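So the sequence lines, in the order shown, correspond to chains A and B. Residue 15 in the numbering used here sits at position 15 of the first sequence; the count goes up by one each step and never skips. Residue 23 in the numbering used here sits at position 23 of the second sequence; the count goes up by one each step and never skips.
These aren't lab readings, by the way, just hints derived from the structure by calculation. Any given hint might turn out to be false.
Distance windows between CB atoms, simulated [stated by the list, open to error]:
1. B/S316 / A/L17: 45 to 55 Å
2. B/V72 / A/R29: 38 to 48 Å
3. A/G9 / B/S33: 18 to 28 Å
Pulled a few chain B residues facing chain A out of the computed Cβ check, cut under 8 Å [to be verified]:
4. F18
5. A49
6. L71
7. A74
8. L75
9. S85
10. G105
11. G236
12. P361
13. N365
Computed from a predicted model, the values in this text were never measured in an experiment. Glycine residues also receive a C-beta, built at the ideal position from the N, C-alpha and C atoms.
So the chains spell out like this:
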Amino acid sequence: MEITTTITGFVALYIFLLAAFAGYEIIGRVPAILHTPLMSGSNFVHGIVVVGAMWALLNAGTTLEQVIGFVGVLLGAGNAAGGYVVTERMLEMFKPSSKAASSADDKE
Amino acid sequence: MFSAFLIDAAYFIAAFLFLYGLKRMASPVTARSGIVIAGGGMVLAVAAAFLYGFDVSPRAQPHLGTNLLLLVIALGIGVSWAWYSGKRVAMTDMPQMVALYNGMGGGAAAAIAASELFSGNALAHGPVVTLLAVLGGLIGAVALSGSLIAWAKLDGRMNKTWRLPNQQYVNLGLFCGALAIGAAVVVMGLMDVAQAPVIVVALFFIIALALGVLLTTPIGGADMPVVISLYNAFTGLAVAFEGFVLQNPAMIIAGTVVGSAGTLLTLMMAKAMNRQVSNVIFSDFGSDDGGEESDIEGSMKAADASDAAIAMFYASKVIIVPGYGLAVAQAQHKLYEFVKLLQKQGVEVSFAIHPVAGRMPGHMNVLLAEAGVPYDIIYDLEDINEDFPQADVAVVLGANDVVNPAARTRKSSPIYGMPILNVDQARQAYVVKRGQGKGYSGVENELFYAENTSMVYGDAQKVMMQMIEAVKSLG
Numbered sequence: 001m002e003i004t005t006t007i008t009g010f011v012a013l014y015i016f017l018l019a020a021f022a023g024y025e026i027i028g029r030v031p032a033i034l035h036t037p038l039m040s041g042s043n044f045v046h047g048i049v050v051v052g053a054m055w056a057l058l059n060a061g062t063t064l065e066q067v068i069g070f071v072g073v074l075l076g077a078g079n080a081a082g083g084y085v086v087t088e089r090m091l092e093m094f095k096p097s098s099k100a101a102s103s104a105d106d107k108e
Numbered sequence: 001m002f003s004a005f006l007i008d009a010a011y012f013i014a015a016f017l018f019l020y021g022l023k024r025m026a027s028p029v030t031a032r033s034g035i036v037i038a039g040g041g042m043v044l045a046v047a048a049a050f051l052y053g054f055d056v057s058p059r060a061q062p063h064l065g066t067n068l069l070l071l072v073i074a075l076g077i078g079v080s081w082a083w084y085s086g087k088r089v090a091m092t093d094m095p096q097m098v099a100l101y102n103g104m105g106g107g108a109a110a111a112i113a114a115s116e117l118f119s120g121n122a123l124a125h126g127p128v129v130t131l132l133a134v135l136g137g138l139i140g141a142v143a144l145s146g147s148l149i150a151w152a153k154l155d156g157r158m159n160k161t162w163r164l165p166n167q168q169y170v171n172l173g174l175f176c177g178a179l180a181i182g183a184a185v186v187v188m189g190l191m192d193v194a195q196a197p198v199i200v201v202a203l204f205f206i207i208a209l210a211l212g213v214l215l216t217t218p219i220g221g222a223d224m225p226v227v228i229s230l231y232n233a234f235t236g237l238a239v240a241f242e243g244f245v246l247q248n249p250a251m252i253i254a255g256t257v258v259g260s261a262g263t264l265l266t267l268m269m270a271k272a273m274n275r276q277v278s279n280v281i282f283s284d285f286g287s288d289d290g291g292e293e294s295d296i297e298g299s300m301k302a303a304d305a306s307d308a309a310i311a312m313f314y315a316s317k318v319i320i321v322p323g324y325g326l327a328v329a330q331a332q333h334k335l336y337e338f339v340k341l342l343q344k345q346g347v348e349v350s351f352a353i354h355p356v357a358g359r360m361p362g363h364m365n366v367l368l369a370e371a372g373v374p375y376d377i378i379y380d381l382e383d384i385n386e387d388f389p390q391a392d393v394a395v396v397l398g399a400n401d402v403v404n405p406a407a408r409t410r411k412s413s414p415i416y417g418m419p420i421l422n423v424d425q426a427r428q429a430y431v432v433k434r435g436q437g438k439g440y441s442g443v444e445n446e447l448f449y450a451e452n453t454s455m456v457y458g459d460a461q462k463v464m465m466q467m468i469e470a471v472k473s474l475g
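Please put together the full structure from these sequences, using the hints given.
Here it is in C-alpha cells:
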C-alpha cells in the first residue's frame with residue numbers, strides 16, 4: 001500500500017518529543033483527587049491501539065496472522081471499551097456540594 | 001486513495017479529541033465531559049479504521065471477507081465483554097480492573113508487533129522500523145503478563161509473593177535474551193530475510209511474557225498501584241512504537257502522551273508512598289524485615305463508638321481520615337450519613353486524604369464520591385495538615401501507616417520520611433479499627449498508644465451505625 005504521509009526520522013522524533021511534553025504538562029497540574037480516574041483515562045486513551053490491530057487483521061494473509069490479528073483486535077477493543085466505562089463511572093460521581101458549585105465554575 | 005485521506009483526517013481529529021479530553025479530565029469540574037470527548041475520538045478513529053478494508057495488501061485481498069468478519073466478531077466480543085465487566089465492577093475493585101484493561105492494551109500492541117514481524121511488513125521497512133516493532137512487542141508483552149499478575153494479586157487470586165533464587169539475575173538474563181533475539185531479527189532484516197521465522201518470534205514473545213511475570217510476582221500488594229501505573233506507561237510506549245511501525249500518527253501521539261503522563265503519575269505515586277520506583281521493582285519491601293520490635297510507651301485505650309460519636313457531636317471542628325479499611329467494610333455511605341448529621345448540628349467536618357489512601361492515589365476520593373461526599377470538603381495532605389492542631393476531634397477509619405508519627409520521628413522505621421497526616425496533633429483522636437494488628441508495612445503505630453488517642457474496635461460499617469444511632473438519640 002502507498003502511504004502519502006510518511007513519518008520518518010526526525011519528524012517522528014519531533015512528534016515523540018512534543019507529545020511527551022504534552023502528556024507531562026497535562027498530568028502535571030492534576031489534583032491528587034483525580035489521579036485514579038486519570039490513570040484510568042490514560043489507560044483508555046492507549047486503547048487507540050485497537051485501530052492498529054484492525055489494520056493488522058485486515059491485512060492478514062495467513063491463518064497465523066489472522067489469529068494474531070483477531071486476538072489483537074479483541075484485546076484492544078477490551079482496553080478501549082473497558083477503559084471508557086470505568087473512567088466514566090468514576091468521573092460521573094464527582095460532584096461539588098451545591099454551595100461551592102458556583103465558585104468552582106468561576107475558576108474554570 | 002481517498003479512503004487514506006479520510007483515515008488520516010479522522011485520526012487527526014481523534015488525536016485532538018484525546019488531548020482535549022485528557023486536558024478536561026484534569027479538573028473535577030470538567031472531568032466528566034473530558035472522558036466523553038475522548039470517547040468520541042475513539043469511536044471516530046475505530047469507524048475510520050474500517051476504511052482500511054478498501055486498501056489492503058495484495059496478499060490479504062483474497063481473505064478480505066473472512067478478515068472483515070473476524071474483525072466484527074473480535075470487536076463485538078471485546079467491547080461487549082469489557083462494557084459488561086466495567087459496568088459491574090465494584091468501586092473498591094477498580095484498581096485491578098484498570099490493570100486488566102491495561103494488560104489487554106499491552107497484549108494488543110504485542111499482537112501488532114508479532115503480526116508485523118510474521119508478515120514481513122516490519123522487515124521490509126528497514127532496521128529502524130524492525131527495531132521499534134521488536135521493542136514495542138517486548139514492552140507490550142511485559143505489560144500484558146505483568147498486568148495480569150497485578151490483577152490476580154489485587155483480586156486476591158494470588159496472595160503469595162514468591163521469587164526464584166537470584167531472581168534479579170534471572171530477570172536480567174531474560175531481558176538480555178529477549179534483546180538478543182530482537183537484535184537477531186533486525187539483522188535478519190538487514191540480510192534481506194523477508195519474514196522472521198515463526199519459531200524465533202514465538203520464542204521472543206515467550207521470553208518477554210515470562211519476564212513480565214517474574215518482574216511482578218515478587219512485588220507486594222502495597223506497591224501494586226505503582227506497578228500498575230508503570231505498566232500503564234509501558235503500554236503507552238508500546239502503542240507509540242507500534243504506531244511508528246504502522247505509520248499511524250494517532251497511535252504515536254496517544255501512546256506517547258500516555259507514556260509520559262503515566263511515567264509522571266508513577267513517580268508522583270511512588271513519592272507519595274515514600275518509595276523509589278527502582279526499589280519497588282527490584283527490592284523486597286515488607287517481606288521479612290519485621291524483626292525489630294520497638295519500645296513504644298503507653299498503652300492502647302479502648303472507647304465505645306457512642307462516646308466517640310458524642311464527642312464529635314459537641315465538637316466544632318472534626319477531621320476524618322478514611323483509609324482502605326473503610327472501603328473494604330463498605331462503610332463510606334454510612335460515614336457520609338453520619339457526617340451529614342454532624343453538619344446539621346453545625347460541626348465543621350472535613351475529610352483528609354493521604355495521597356495513597358485506598359489502593360491507588362485518588363482511589364479514596366472515588367470511593368467517597370461514590371457515597372455522595374462533595375469533593376470540596378475533601379482535602380489533600382498538604383492542604384489540611386496545618387489544620388489538625390485546631391481540630392477538636394480527628395477520626396481515623398481503617399487507615400494505619402499513613403497516620404503513624406514514626407514516619408516523622410523514628411529514623412530506623414521503614415516508613416521514616418513518608419509524608420503522614422498529623423492526626424496526633426488533634427486535641428482528641430479516635431481510631432476505628434477491626435483489631436490490634438499492624439498496617440501494611442508491618443510497623444507498630446505510635447499514634448495508637450498516644451495519650452489523646454482512643455481506639456474504637458469493630459467493623460467500620462457497624463461502628464458507623466452505632467455512631468449514627470448515638471447521635472440520633474441525642475436529638
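Do the hints match the structure? See the list:
At about 54 Å, the beta-carbon gap between B/S316 and A/L17 stays in the expected band of 45 to 55 Å. Taking the beta carbon of each, B/V72 and A/R29 are about 41 Å apart, inside 38 to 48 Å as hinted. Range check, A/G9 to B/S33: Cβ separation about 38 Å, and the 18 to 28 Å hint is violated. Because the smallest distance between the Cβ of B/F18 and any Cβ of chain A comes to about 5 Å, under 8 Å, the interface hint for this residue holds.
A distance limit of 8 Å between C-beta atoms decides the matter here; for B/A49 the minimum to chain A is near 4 Å, and the interface restraint holds. The beta carbon of B/L71 comes within 5 Å of a beta carbon in chain A, closer than 8 Å, and the hint placing it at the interface holds. About 4 Å separates the beta-carbon of B/A74 from the nearest beta-carbon of chain A, less than 8 Å, and the hint is met. Annotation: interface hint on B/L75 holds; nearest CB of chain A at approximately 5 Å, less than 8 Å.
Evaluation of the B/S85 hint against chain A yields a held restraint, the C-beta minimum of about 7 Å falling below 8 Å. Because the closest C-beta pair between B/G105 and chain A is about 4 Å apart, less than 8 Å, the hint holds. This hint holds: B/G236 has a C-beta 5 Å from the nearest C-beta of chain A, less than the 8 Å allowed. Evaluation of the B/P361 hint against chain A yields a held restraint, the C-beta minimum of about 4 Å falling below 8 Å.
With its C-beta approaching chain A no nearer than about 4 Å, B/N365 sits inside the 8 Å limit, and its interface hint holds.
Of the numbered hints listed earlier, the single one contradicted by the structure is hint 3.
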